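A.B. asks: Okay, here's what each chain looks like letter by letter:
Protein chains: 2
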Amino acid sequence: MLPGVGVFGTGSTARVLVPLLKAEGFEVHAVWGKSEEEAGCLAKELGIPFHTSRSDDVLLHQDVDLVCIYIPPSMTRQIAVKALGIGKNVLCEKAATAVDSFKMVTAARYYPQLLSIMGNTLRFLPAFAAMRQLLVERYVGEMQVCDVRVYGPSLLDQAYGWTCEELMGGGGLHTVGSSVIDLLSYLTGERAHRVHGLLRTFVQQNGLIRGIRRVTSDDFCFFQMLMGGTGSRSGGVCCTVTLNFNMPGSFVHEVMVVGSTGRLVARGTELYGQRNGSKSEELLLGDSGWVGPEVKEMTLPHLQGLSSMVKALRESFQAHEERRSWARGPVSMAPTFEDGLYVQTVVEAVKRSSCSGEWECVEIMSQEPDPNHNLCEALQRNKN
Amino acid sequence: MLPGVGVFGTGSTARVLVPLLKAEGFEVHAVWGKSEEEAGCLAKELGIPFHTSRSDDVLLHQDVDLVCIYIPPSMTRQIAVKALGIGKNVLCEKAATAVDSFKMVTAARYYPQLLSIMGNTLRFLPAFAAMRQLLVERYVGEMQVCDVRVYGPSLLDQAYGWTCEELMGGGGLHTVGSSVIDLLSYLTGERAHRVHGLLRTFVQQNGLIRGIRRVTSDDFCFFQMLMGGTGSRSGGVCCTVTLNFNMPGSFVHEVMVVGSTGRLVARGTELYGQRNGSKSEELLLGDSGWVGPEVKEMTLPHLQGLSSMVKALRESFQAHEERRSWARGPVSMAPTFEDGLYVQTVVEAVKRSSCSGEWECVEIMSQEPDPNHNLCEALQRNKN
Numbered sequence: 001m002l003p004g005v006g007v008f009g010t011g012s013t014a015r016v017l018v019p020l021l022k023a024e025g026f027e028v029h030a031v032w033g034k035s036e037e038e039a040g041c042l043a044k045e046l047g048i049p050f051h052t053s054r055s056d057d058v059l060l061h062q063d064v065d066l067v068c069i070y071i072p073p074s075m076t077r078q079i080a081v082k083a084l085g086i087g088k089n090v091l092c093e094k095a096a097t098a099v100d101s102f103k104m105v106t107a108a109r110y111y112p113q114l115l116s117i118m119g120n121t122l123r124f125l126p127a128f129a130a131m132r133q134l135l136v137e138r139y140v141g142e143m144q145v146c147d148v149r150v151y152g153p154s155l156l157d158q159a160y161g162w163t164c165e166e167l168m169g170g171g172g173l174h175t176v177g178s179s180v181i182d183l184l185s186y187l188t189g190e191r192a193h194r195v196h197g198l199l200r201t202f203v204q205q206n207g208l209i210r211g212i213r214r215v216t217s218d219d220f221c222f223f224q225m226l227m228g229g230t231g232s233r234s235g236g237v238c239c240t241v242t243l244n245f246n247m248p249g250s251f252v253h254e255v256m257v258v259g260s261t262g263r264l265v266a267r268g269t270e271l272y273g274q275r276n277g278s279k280s281e282e283l284l285l286g287d288s289g290w291v292g293p294e295v296k297e298m299t300l301p302h303l304q305g306l307s308s309m310v311k312a313l314r315e316s317f318q319a320h321e322e323r324r325s326w327a328r329g330p331v332s333m334a335p336t337f338e339d340g341l342y343v344q345t346v347v348e349a350v351k352r353s354s355c356s357g358e359w360e361c362v363e364i365m366s367q368e369p370d371p372n373h374n375l376c377e378a379l380q381r382n383k384n
Numbered sequence: 001m002l003p004g005v006g007v008f009g010t011g012s013t014a015r016v017l018v019p020l021l022k023a024e025g026f027e028v029h030a031v032w033g034k035s036e037e038e039a040g041c042l043a044k045e046l047g048i049p050f051h052t053s054r055s056d057d058v059l060l061h062q063d064v065d066l067v068c069i070y071i072p073p074s075m076t077r078q079i080a081v082k083a084l085g086i087g088k089n090v091l092c093e094k095a096a097t098a099v100d101s102f103k104m105v106t107a108a109r110y111y112p113q114l115l116s117i118m119g120n121t122l123r124f125l126p127a128f129a130a131m132r133q134l135l136v137e138r139y140v141g142e143m144q145v146c147d148v149r150v151y152g153p154s155l156l157d158q159a160y161g162w163t164c165e166e167l168m169g170g171g172g173l174h175t176v177g178s179s180v181i182d183l184l185s186y187l188t189g190e191r192a193h194r195v196h197g198l199l200r201t202f203v204q205q206n207g208l209i210r211g212i213r214r215v216t217s218d219d220f221c222f223f224q225m226l227m228g229g230t231g232s233r234s235g236g237v238c239c240t241v242t243l244n245f246n247m248p249g250s251f252v253h254e255v256m257v258v259g260s261t262g263r264l265v266a267r268g269t270e271l272y273g274q275r276n277g278s279k280s281e282e283l284l285l286g287d288s289g290w291v292g293p294e295v296k297e298m299t300l301p302h303l304q305g306l307s308s309m310v311k312a313l314r315e316s317f318q319a320h321e322e323r324r325s326w327a328r329g330p331v332s333m334a335p336t337f338e339d340g341l342y343v344q345t346v347v348e349a350v351k352r353s354s355c356s357g358e359w360e361c362v363e364i365m366s367q368e369p370d371p372n373h374n375l376c377e378a379l380q381r382n383k384n
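Line order of the protein sequences matches chains A and B.
Heads up: the first sequence runs through residues 1 to 384, numbered per full-length UniProt numbering.
Heads up: the second sequence runs through residues 1 to 384, numbered per full-length UniProt numbering.
You can take every hint at face value.
No copy labels: a pair is met if it fits in one copy or bridges any two.
Straight-line distance between alpha carbons at most 20 Å, and here's what the computed SDA-like set of lysine to any residue pairs gives:
| id | residue 1 | residue 2 |
| --- | --- | --- |
| 1 | Lys22 | Phe50 |
| 2 | Lys279 | Glu294 |
| 3 | Lys296 | Glu281 |
| 4 | Lys82 | Tyr111 |
| 5 | Lys82 | Thr336 |
Derived from the structure by calculation, the hints contain no laboratory data.
Here the structure is a predicted model, which is why all the values come from computation and not from measurement.
This is chain A alone, in the form it adopts within the complex (with noise of 0.2 Å):
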């Protein structure tokens, strides 16, 4: 039986997300939003019945099993790890920092029979699913590269927030890189243990954000991660990544696997390869179509992701006669809090690595770190 779903944002992701849901068949009791205003305009719009601007409202709503939260990163831990306390199942966008992730890592594993998957959709896009399975068949022979490239216009808000504001989770790696970070994990089936990397903040203002105002996220970001945990730097899957949000009237969405014998490339979302002996590319799987509400086409590989995400997740939720039982079959596939953490652990090695200039070890946190030193490396940040 499909559980009742609360929706935490009002965002362009939940304005999508709750036809998507609908459509599946689940329904949406609840929604959140940082004003009531905001709300209950999406709650009019998308025909929810119920709205509010207190969390508290949502997490406790009697119909509501399922909680889906996709509002700023800083906010993202207080609300996951409260809903799972109070025995919800929980999907999730990324949080702002690794300790974050932490403490959703750690409210997961506390309560495994709730459903914990963050909202990384690129791994359910069928291109991406497809080339997993091509992969893991060899393809490609043995991986060599990895090549990811997204270009597009800017990430910034209209007005000033979030977005422009590295320490609150803006800019391209945090909001793009991750979804990629996490996709080369499904890929290759293995995680970074080095990294490299570089962020440039190009357009520090602009007419919207001015005067005292500066952007400090990352409109540019380039960054290699060297997979697989042998420790040796030669040897196991190189990965690069270039992000730029500086160009208006673009995109650009392509993933290329080069192995030994052949290679893999995602355009958009689209599934191409060529195999060395052949003279040309041939296309493996075509784009099937957006049928949901109009969107922008840089945001289509992750919403056709997160459509084929809540089929899973309808398929979970389904094999089950209670509301809030799941299989785990239809969602194994799916990032876990465990996954988020290192991602998020990712990109805090690629921006210490654009200051230190080095090469980082990606190091998943064991434990929580002493609260005190941690607002003394904020601090310390702040400086740079």
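Once you've looked at the hints, dock chain B against the given chain A.
C.D. replies: The following block gives chain B in isolation, referenced to the frame of chain A:
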């Protein structure tokens, strides 16, 4: 009046160069090959009256006023320096090391009345000449990022030779990266002051290179250059270059410059542009077509550049009555031996960075190092 030409080398570039020279009215009097047989073969094929395997026979040939050197990098310095010493004009390919490049610079400075230019021909490709002009006219506004990708099949020769040996000047970075490094300094009008890179040799043996022999030259290389001499890490153009020669059946040669108000992209020999306001790319310069002998698609940008360079050489020499005199104007955009030293210095800094994992400074040699010190360094490097 056009000078008589002597050509060193019997490889694919020499094979294309000779017809280009003849088409512009140059007389090619002599060709040098590693063996009498190779030289004789090319001489017969291209109708060159004299061939030899002794370099002095070409250098001292009385009808030869311009020497074109297209031989393995490790032999280039010796021939180039000797040719200048004998009073011949020189067009040549890159040397194997910065020390060799420095010796060539010293010779070129000593004979300023002789023409001495490097064979990095991408500057002469019409697409890049137009790109440079548009950058000067601020088509893209403030330059932010240059992103270069060259993908293609293996660069290794059929048999084991210098292309397999990193220390002999083989590898994607040295062979193709050099021309990209030169091009980017031309396009941006700035030089790299810090670089970071990663080199890999994914294919260490193949059907022809096996047993105790191993390829040591890179088939994958990723590097970043921070341009401008300010010394600060922020500000200045960021260049990222990805070279991958494990992609048989593919050819990508893409140079993109992104700026504050638009961007320019050269794909192969064509130039495209898009200003931030506009919805799509415009074709700024189409392919002019290749009318020389049949060549690999991958080498087209270089060979079309070579063709333009030969035209410029003709104009330069035509301006004067005397066979060995030339005018600076038509070849003013050509890379000098000083540019060659810069390029070689960057190549070596990228290699150092790949070993150290750190950003390396680009410091142009200003005096010849102690040869004993070099020997030690070479031995050290061999150990890794």
